[in-house]
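Trainee: Here's the letter readout for the chains.
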Amino acid sequence: AQSVAQPEDQVNVAEGNPLTVKCTYSVSGNPYLFWYVQYPNRGLQFLLKYITGDNLVKGSYGFEAEFNKSQTSFHLKKPSALVSDSALYFCAVRDSGYSSASKIIFGSGTRLSIRP
Amino acid sequence: AAGVIQSPRHLIKEKRETATLKCYPIPRHDTVYWYQQGPGQDPQFLISFYEKMQSDKGSIPDRFSAQQFSDYHSELNMSSLELGDSALYFCASSSPDRGLYEQYFGPGTRLTVT
Numbered sequence: 006a007q008s009v010a011q012p013e014d015q016v017n018v019a020e021g022n023p024l025t026v027k028c029t030y031s032v033s034g035n036p037y038l039f040w041y042v043q044y045p046n047r048g049l050q051f052l053l054k055y056i057t058g059d060n061l062v063k064g065s066y067g068f069e070a071e072f073n074k075s076q077t078s079f080h081l082k083k084p085s086a087l088v089s090d091s092a093l094y095f096c097a098v099r100d101s102g103y104s105s106a107s108k109i110i111f112g113s114g115t116r117l118s119i120r121p
Numbered sequence: 004a005a006g007v008i009q010s011p012r013h014l015i016k017e018k019r020e021t022a023t024l025k026c027y028p029i030p031r032h033d034t035v036y037w038y039q040q041g042p043g044q045d046p047q048f049l050i051s052f053y054e055k056m057q058s059d060k061g062s063i064p065d066r067f068s069a070q071q072f073s074d075y076h077s078e079l080n081m082s083s084l085e086l087g088d089s090a091l092y093f094c095a096s097s098s099p100d101r102g103l104y105e106q107y108f109g110p111g112t113r114l115t116v117t
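In the order they appear, the protein sequences are chains B and E. So the first sequence is numbered by this note's numbering: it starts at 6 and just counts up by one. So the second sequence is numbered by this note's numbering: it starts at 4 and just counts up by one.
By construction, these hints were calculated from the structure, which means they are not laboratory data. Incorrect hints may have been included.
Stated by the list, open to error - Straight-line Cα separation of at most 30 Å, DSBU-like style, residue types lysine-lysine; simulated pairs:
{"no.": "1", "chain 1": "E", "residue 1": "K55", "chain 2": "E", "residue 2": "K16"}
{"no.": "2", "chain 1": "E", "residue 1": "K25", "chain 2": "B", "residue 2": "K54"}
{"no.": "3", "chain 1": "E", "residue 1": "K25", "chain 2": "E", "residue 2": "K60"}
{"no.": "4", "chain 1": "B", "residue 1": "K54", "chain 2": "E", "residue 2": "K60"}
{"no.": "5", "chain 1": "E", "residue 1": "K18", "chain 2": "E", "residue 2": "K60"}
{"no.": "6", "chain 1": "B", "residue 1": "K74", "chain 2": "B", "residue 2": "K27"}
{"no.": "7", "chain 1": "B", "residue 1": "K27", "chain 2": "E", "residue 2": "K60"}
{"no.": "8", "chain 1": "B", "residue 1": "K54", "chain 2": "E", "residue 2": "K55"}
{"no.": "9", "chain 1": "B", "residue 1": "K63", "chain 2": "B", "residue 2": "K82"}
{"no.": "10", "chain 1": "E", "residue 1": "K60", "chain 2": "E", "residue 2": "K16"}
{"no.": "11", "chain 1": "B", "residue 1": "K54", "chain 2": "B", "residue 2": "K27"}
{"no.": "12", "chain 1": "B", "residue 1": "K54", "chain 2": "B", "residue 2": "K74"}
What the hints assert, rightly or not - A few chain E residues facing chain B, derived, Cβ under 7 Å:
{"no.": "13", "residue": "G41"}
{"no.": "14", "residue": "P46"}
{"no.": "15", "residue": "F48"}
{"no.": "16", "residue": "H76"}
{"no.": "17", "residue": "E85"}
{"no.": "18", "residue": "D88"}
{"no.": "19", "residue": "Y104"}
{"no.": "20", "residue": "F108"}
{"no.": "21", "residue": "P110"}
{"no.": "22", "residue": "G111"}
Ideal placement from N, C-alpha and C gives every residue a C-beta, glycine not left out.
Next up, chain B with everything else stripped away, as it sits in the complex (with noise of 0.2 Å):
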């Protein structure tokens, strides 16, 4: 079965340093890969995916993922972080079923949380 794991509840940032929130993934087969953001009391915005190609995947607002398939990791980076970017990251998985409409796996969230 496909899944992620997120194995951070929370991370704290100073404005203006580079941000890692971490994720790694255990699939069958190739690895559909996304990150989600969720502001307070709104819906889940899609950032990036990984699909084939460049490890190196540039999303929005900023974001960049790096795709290590030696490690199994999907981690979502950000150069230099802006208090903005405090809400829940949701790490995702596709589910590798043959439905045309498969769905995706959610890790459990990171806050992470942007100081001034």
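Given the structure of chain B, go ahead and fit chain E onto it with the hints provided.
Mentor: Leaving out everything else, chain E in the frame of chain B:
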């Protein structure tokens, strides 16, 4: 750009009542998914539809049912509501035929059962 629309945004019901949540996917998206997010929890998949047919089923209680209509909008029907059904219900849409894979989520419907 048009996004996924969900209605209502907030709903308060009493135990044993019924509720209907509606979802309007992004135009030209043919696939709809429903997720339930309890307080402090990650979203859990309930059910999905592709071209108006049920495609995948997750941890959806038997008290819940859903369907996708000819215009691709979807409705989640919830009966005999329980306190534990209080959650944020997300609808998402995607277009697998275009190979996009990612799902675009609506703002959610916050259901409170009292």
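Trainee: Could you run down the list of hints and mark each one as holding or not?
Mentor: Tested hints:
1. Under the criterion of a C-alpha separation no larger than 30 Å, the hint pairing K55/E with K16/E is consistent with the structure, at around 28 Å.
2. Taking the CA atoms of K25/E and K54/B, the gap is about 27 Å. The hint holds against a cut of 30 Å.
3. For the hint pairing K25/E with K60/E, the CA-to-CA distance comes to about 18 Å; that is within 30 Å, so the pair holds.
4. Only pairs whose Cα atoms come within 30 Å are accepted, and K54/B paired with K60/E is accepted, the gap being roughly 24 Å.
5. A threshold of 30 Å between alpha carbons decides the hint, and for K18/E with K60/E the separation of about 25 Å falls inside it, so the pair holds.
6. At roughly 14 Å between alpha-carbon atoms, K74/B and K27/B fall within 30 Å of each other, so this suggested pair holds.
7. With a C-alpha separation of about 29 Å, the suggested pairing of K27/B with K60/E holds against the 30 Å cut-off.
8. Between K54/B and K55/E the alpha-carbon distance is near 26 Å, which keeps this suggested pair within the 30 Å criterion.
9. Of the supplied pair hints, the one linking K63/B and K82/B holds, its CA atoms being roughly 10 Å apart against a limit of 30 Å.
10. Between K60/E and K16/E the CA atoms are separated by roughly 25 Å; this keeps the pair inside 30 Å, and the hint holds.
11. Only pairs whose Cα atoms come within 30 Å are accepted, and K54/B paired with K27/B is accepted, the gap being roughly 15 Å.
12. Among the hinted pairs, K54/B with K74/B is consistent with the structure: their alpha-carbon atoms are about 15 Å apart, no more than 30 Å.
13. The restraint placing G41/E at the interface with chain B is violated, with a minimum CB-CB distance near 12 Å, outside the 7 Å limit.
14. For P46/E, the shortest C-beta to C-beta distance to chain B is roughly 5 Å, which falls under 7 Å, so the interface hint holds.
15. Evaluation of the F48/E hint against chain B yields a held restraint, the C-beta minimum of about 4 Å falling below 7 Å.
16. Here the hint on H76/E is broken, as its CB sits about 15 Å from the closest CB of chain B, past 7 Å.
17. With a least beta-carbon distance of about 23 Å to chain B, the hint placing E85/E at the interface is violated under the 7 Å criterion.
18. Violation of the interface hint for D88/E is found here, the shortest Cβ-Cβ separation to chain B being roughly 19 Å, above the 7 Å cut-off.
19. At about 6 Å, the closest approach between the beta carbon of Y104/E and any beta carbon in chain B falls short of 7 Å, and the interface hint on this residue holds.
20. Against a cut-off of 7 Å between C-beta atoms, the interface hint on F108/E holds, since the closest Cβ of chain B lies about 4 Å away.
21. Among the interface hints, the one on P110/E holds; its C-beta lies about 4 Å from the nearest C-beta in chain B, closer than the 7 Å criterion.
22. The restraint placing G111/E at the interface with chain B holds, with a minimum CB-CB distance near 5 Å, inside the 7 Å limit.
Hint violations for this structure: numbers 13, 16, 17, 18, all remaining hints satisfied.
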